[in-house]
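Enquirer: Sequence:
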Amino acid sequence: MSVEAVKSFLQIHPDDNVLVALQDLPKGQIIEWNGKVITLKDDINAKHKFFIEDLAVGAEVLMYGVLVGKATTAIQQGGLMTTENVHHASQDYAYRKVNYEWHVPDVSKFINRTFNGYHRADGRVGTANYWLFVPTVFCENRNLDVIKESLYNTLGYTVTDKYKQFAEELLEAYQAGEDVSSFKIEGLSPVEPLKKRVFKNVDGVKFLNHQGGCGGTRQDSALLSQLLAAYADHPNVAGITVLSLGCQHLQTQNLLDDVKQRNPSFDKPVLVFEQQKSQSEEQLVKDAIHQTFLGLTEINKITRKPAPLSALCVGVKCGGSDGFSGISANPAVGYTSDLLVALGAKVLLAEFPELCGAEQNIIDRCVNEPTAEKFIRLMQEYDAQAHAVGSGFHMNPSPGNIKDGLITDAIKSTGAAKKAGTSPVVDVLDYTEPVTKPGLSLVCTPGNDVEATTGKAASGATLILFTTGLGTPTGNPVCPVIKVATNTALATRMSDIIDIDTGAIIRGEKTIEEMGTEILEYCIKAASGEEIPKAVQLNQDDFIPWKRGVSL
10 MSVEAVKSFL
20 QIHPDDNVLV
30 ALQDLPKGQI
40 IEWNGKVITL
50 KDDINAKHKF
60 FIEDLAVGAE
70 VLMYGVLVGK
80 ATTAIQQGGL
90 MTTENVHHAS
100 QDYAYRKVNY
110 EWHVPDVSKF
120 INRTFNGYHR
130 ADGRVGTANY
140 WLFVPTVFCE
150 NRNLDVIKES
160 LYNTLGYTVT
170 DKYKQFAEEL
180 LEAYQAGEDV
190 SSFKIEGLSP
200 VEPLKKRVFK
210 NVDGVKFLNH
220 QGGCGGTRQD
230 SALLSQLLAA
240 YADHPNVAGI
250 TVLSLGCQHL
260 QTQNLLDDVK
270 QRNPSFDKPV
280 LVFEQQKSQS
290 EEQLVKDAIH
300 QTFLGLTEIN
310 KITRKPAPLS
320 ALCVGVKCGG
330 SDGFSGISAN
340 PAVGYTSDLL
350 VALGAKVLLA
360 EFPELCGAEQ
370 NIIDRCVNEP
380 TAEKFIRLMQ
390 EYDAQAHAVG
400 SGFHMNPSPG
410 NIKDGLITDA
420 IKSTGAAKKA
430 GTSPVVDVLD
440 YTEPVTKPGL
450 SLVCTPGNDV
460 EATTGKAASG
470 ATLILFTTGL
480 GTPTGNPVCP
490 VIKVATNTAL
500 ATRMSDIIDI
510 DTGAIIRGEK
520 TIEEMGTEIL
530 EYCIKAASGE
540 EIPKAVQLNQ
550 DDFIPWKRGV
560 SL
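Take our numbering: the final residue in the sequence shown is number 561, and no numbers are missing along the way.
Derived from the structure by calculation, the hints contain no laboratory data.
Some hints here could point you the wrong way.
To be verified - No farther apart than 20 Å at their CA atoms in a straight line, the calculated lysine-lysine pairs in the PhoX-like style are these:
#1 Lys314 to Lys295
#2 Lys412 to Lys79
#3 Lys534 to Lys314
#4 Lys118 to Lys534
#5 Lys106 to Lys383
#6 Lys205 to Lys277
#7 Lys118 to Lys519
#8 Lys36 to Lys412
#9 Lys16 to Lys36
#10 Lys173 to Lys193
#11 Lys534 to Lys209
#12 Lys209 to Lys446
#13 Lys171 to Lys118
#14 Lys171 to Lys205
#15 Lys157 to Lys118
#16 Lys157 to Lys295
#17 Lys286 to Lys269
#18 Lys171 to Lys193
#19 Lys543 to Lys171
#20 Lys446 to Lys383
#21 Lys157 to Lys205
#22 Lys310 to Lys277
#23 Lys310 to Lys204
#24 Lys16 to Lys534
#25 Lys36 to Lys209
#26 Lys310 to Lys209
#27 Lys543 to Lys204
#28 Lys173 to Lys205
#29 Lys157 to Lys209
#30 Lys173 to Lys204
#31 Lys543 to Lys205
#32 Lys157 to Lys173
#33 Lys50 to Lys36
#34 Lys50 to Lys412
#35 Lys534 to Lys204
#36 Lys277 to Lys314
Claimed, not checked - Cβ pair distances, simulated, as ranges:
#37 Gly74 to Asn377: 53 to 59 Å
#38 Asp266 to Tyr172: 38 to 44 Å
#39 Tyr172 to Gly67: 53 to 59 Å
#40 Gly74 to Val376: 21 to 27 Å
No residue lacks a Cβ here, since even glycine has one placed at the ideal position from N, Cα and C.
Generate the whole structure from the sequences, applying the supplied hints.
Expert: Next comes the structure, spelled out in C-alpha cells:
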C-alpha cells in the first residue's frame, strides 16, 4: 500500500468492516484495500467511517474488532456510516475464566526517575499544595465567593487582571465619548501563574462551591459528605476551611466523621466557621480570612521533595471526543498508563457509560472473579437506572461527538477504553471509594466530563490526563488536569487550553509508543511543578457532585 493511502484512511483492527478517513475523501474516489477496489458513494469527512463491503439490514458493524452497531438499512460498499444507517449495538458480556497475559512495556529509562512532590504524613505524595474551602451547604456559596475574590486578588492567584484592564479601557473610551462598538481587544497580558504569588509553596486556594447539603434527600447529603471528605483527605490538599450555615442536612460533624472514617490518621488543619453561631456575616468572613491566612503561612513551609514515580496516581479521561480519539490521543495515553503501571504507580479509568461495548475485554483483564463481578454489577445497576427513566448508555454520544464521527456509543466507548492501556484490572471502585492498590483500577462515575473528573479526584488521582478532539476547558480544583489533543488543528486553534498534541500519530510522524513516552515525561514535569497545565493556569476549577441519579 502507498504512503498516500496509509495517510488517507485506516483500518483499526483486522476484523473491522469499516475504514476510518484520516483526511477528507471525495465522493467517487477509488480506494484500494486488501485486493478490493472501493468506490466511495459519499463524501467522507476526516474522522468518519465508510464500509468495506455491502451490508444487509441487521448486519453487524465491527470496529476495534468488536460489535459497535447494526445496519438499520441496506448499506453499499464505500458508503458513509451515519446515524440513519447504523444503530448502537454491543456484545453481551459475562465473567469467563481467562488466563490474561500482559506484555509489560520496557520502562528501563524511567526506572530510577523521580518527581518533586509534597510528602504527606500518611505516606502519600501530592503533586500540588492547596488550601481548600468546603461549604457544607449551598447557602454558604456567596460567602465563599466573597472570600475567594479577596484572597485571590491579595495573594496573587487571580488570572482575570487582563480582563479587568480591558473593561476599564472600554469604560474610559465610553466616558470619553468614543464609539465603543468597534473597540478592539489589544494588549492583554499573558497569564503568569507564579509571578504575583505571595506564598510560593502554596499552589492555590481552592473553593468547592456546590448546590447540595440540604433539600433533596438525606442520601444526597450523605453522598456529598463522602465526596467532600475525599477532597479534604486528598494528597494535594494541605489544609481545609469549612463554612457551615448550621441548620442544614449535612452537619459539620457528619463531614468530620466521614473524614476520619476515610483516613483514621488524618492530621491536616481544619478550620470550621458556622454562620448561625457568628456575630454577623462580616465577622464570619473576616474570621475565616484571618484564620485561613495563618494556615497558609504554615503550609507555605512545606516544600517539594523527590518521590518515586510509583507514588503517582493518574486518572485518564476523555471529553469532547472525536473520530480520532480512539486512534491517536487515547491509545497514546493508554501506553502512558501501561508505563505507569509497570513502574508501580496507580491509574484510574472512570466514566462507566463510556465502557459500553468494551466490557468483555475489561472483564477478561480483571485479576480475579470478585473484581470482575463487582464491575459487572455496577455496570448493570447503572444501565438499569438509565433504562428506568427511558434512557440508556446508547444515548451517551453528544451532537458534537456524532458530528465528528462517533456514530454509536459502542464506537465512542471502545475508543475511550483505549486510555486504560492493556494492563490487568486490579480493582473496581464505587463512587468516592479510595484507590489503594498499585495498577489499573476502575472508578464508577458518569461519562460527563466534570462529574467524571470530580469522582476521579475523589478516588485519589493526583494528575488527570484528559484527551479531547473537539476541545474542552475542563479542570479540577485539587487535581491538575493535562489536556491532550487528538489532532493538530485543535491544538493550534485552542492552544490556550491544550498542553499536548498527538496529531503526529495521525500524520504517521510518531508512533503511539513514542507519543505515550512523551506524555509521561510531561506528567513528571507537571507533578514536579515544572510544567503548569493550561487548566491550572486558568483556574479552571470544575466541580460537580454526582447525586447518583441518571447522568450519562
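Enquirer: Are the hints correct? Go through all of them and say.
Expert: Hint by hint, here is what the structure shows:
1. Proximity of Lys314 to Lys295 is assessed by CA-CA distance (about 34 Å); at most 20 Å being required, the pair is judged violated.
2. The suggested pairing of Lys412 with Lys79 holds, with an alpha-carbon distance near 19 Å, which does not exceed 20 Å.
3. Taking the CA atoms of Lys534 and Lys314, the gap is about 13 Å. The hint holds against a cut of 20 Å.
4. At most 20 Å may separate the alpha-carbon atoms for a hinted pair to count; Lys118 and Lys534 meet this at roughly 16 Å.
5. For the suggested pair Lys106 and Lys383, the alpha carbons sit about 15 Å apart, so the restraint of at most 20 Å is met.
6. Pair hint Lys205 plus Lys277 does not hold up; C-alpha atoms about 26 Å apart against a cutoff of 20 Å.
7. A hinted pair counts as satisfied when its Cα atoms are at most 20 Å apart, and Lys118 with Lys519 qualifies at roughly 19 Å.
8. Distance check on the hinted pair: Lys36 and Lys412 sit about 18 Å apart at the alpha-carbon level, within 20 Å; holds.
9. A distance of roughly 18 Å separates the Cα atoms of Lys16 and Lys36; the hinted pair therefore holds under the 20 Å criterion.
10. For the given pair, Lys173 sits about 15 Å from Lys193 by alpha-carbon distance, which is consistent with the 20 Å threshold.
11. For the given pair, Lys534 sits about 17 Å from Lys209 by alpha-carbon distance, which is consistent with the 20 Å threshold.
12. At most 20 Å may separate the alpha-carbon atoms for a hinted pair to count; Lys209 and Lys446 exceed this at roughly 33 Å.
13. Pair hint Lys171 plus Lys118 does not hold up; C-alpha atoms about 42 Å apart against a cutoff of 20 Å.
14. At roughly 14 Å between alpha-carbon atoms, Lys171 and Lys205 fall within 20 Å of each other, so this suggested pair holds.
15. Proposed proximity of Lys157 and Lys118 is contradicted: the alpha carbons are some 43 Å apart, above 20 Å.
16. A hinted pair counts as satisfied when its Cα atoms are at most 20 Å apart, and Lys157 with Lys295 qualifies at roughly 12 Å.
17. Pair hint Lys286 plus Lys269 does not hold up; C-alpha atoms about 24 Å apart against a cutoff of 20 Å.
18. Distance hint between Lys171 and Lys193 is fulfilled; the C-alpha atoms sit about 14 Å from each other, no more than 20 Å.
19. Note on Lys543 and Lys171: the hinted pairing holds, with a Cα-Cα distance of about 16 Å set against a maximum of 20 Å.
20. Using a Cα cut-off of 20 Å, the hinted pair Lys446 and Lys383 holds, with the two alpha carbons roughly 16 Å apart.
21. With a CA separation close to 16 Å, the supplied pair Lys157 and Lys205 stays within the 20 Å bound.
22. For the hint linking Lys310 to Lys277, the alpha-carbon distance of about 14 Å falls within 20 Å, and the restraint holds.
23. Restraint check for Lys310 and Lys204: satisfied, since their Cα atoms lie roughly 19 Å apart, inside the 20 Å limit.
24. For the proposed pair Lys16 and Lys534, the alpha carbon gap of about 32 Å is over 20 Å, so the pair is violated.
25. The straight-line distance between the Cα atoms of Lys36 and Lys209 is roughly 58 Å, outside the 20 Å bound, and the hint therefore fails.
26. Between Lys310 and Lys209 the CA atoms are separated by roughly 9 Å; this keeps the pair inside 20 Å, and the hint holds.
27. Taken as a hint, the Lys543 and Lys204 pair is honoured in the structure, with Cα atoms around 16 Å apart against an allowance of 20 Å.
28. Between Lys173 and Lys205, the direct Cα distance comes to roughly 16 Å. Compliance with the 20 Å bound is thereby established for this hinted pair.
29. In summary, the hint linking Lys157 to Lys209 is supported, as the alpha carbons are separated by about 18 Å, within the 20 Å threshold.
30. For the given pair, Lys173 sits about 18 Å from Lys204 by alpha-carbon distance, which is consistent with the 20 Å threshold.
31. Between Lys543 and Lys205 the CA atoms are separated by roughly 17 Å; this keeps the pair inside 20 Å, and the hint holds.
32. For a cut-off of 20 Å, the pair hint linking Lys157 to Lys173 stands: about 16 Å separates their Cα positions.
33. Restraint check for Lys50 and Lys36: satisfied, since their Cα atoms lie roughly 6 Å apart, inside the 20 Å limit.
34. For the suggested pair Lys50 and Lys412, the alpha carbons sit about 19 Å apart, so the restraint of at most 20 Å is met.
35. As the CA atoms of Lys534 and Lys204 are separated by approximately 19 Å, the hinted pair is consistent with the 20 Å bound.
36. Between Lys277 and Lys314 the alpha-carbon distance is near 19 Å, which keeps this suggested pair within the 20 Å criterion.
37. Checked against the given bound of 53 to 59 Å, the beta carbons of Gly74 and Asn377, roughly 25 Å apart, lie outside it.
38. The hinted window of 38 to 44 Å between Asp266 and Tyr172 holds, with their beta carbons roughly 42 Å apart.
39. At about 55 Å, the beta-carbon gap between Tyr172 and Gly67 stays in the expected band of 53 to 59 Å.
40. One distance hint, 21 to 27 Å for the beta-carbon pair Gly74 and Val376, holds here, with the actual separation near 23 Å.
Of the numbered hints stated above, those contradicted by the structure are hints 1, 6, 12, 13, 15, 17, 24, 25, 37, listed in ascending order.
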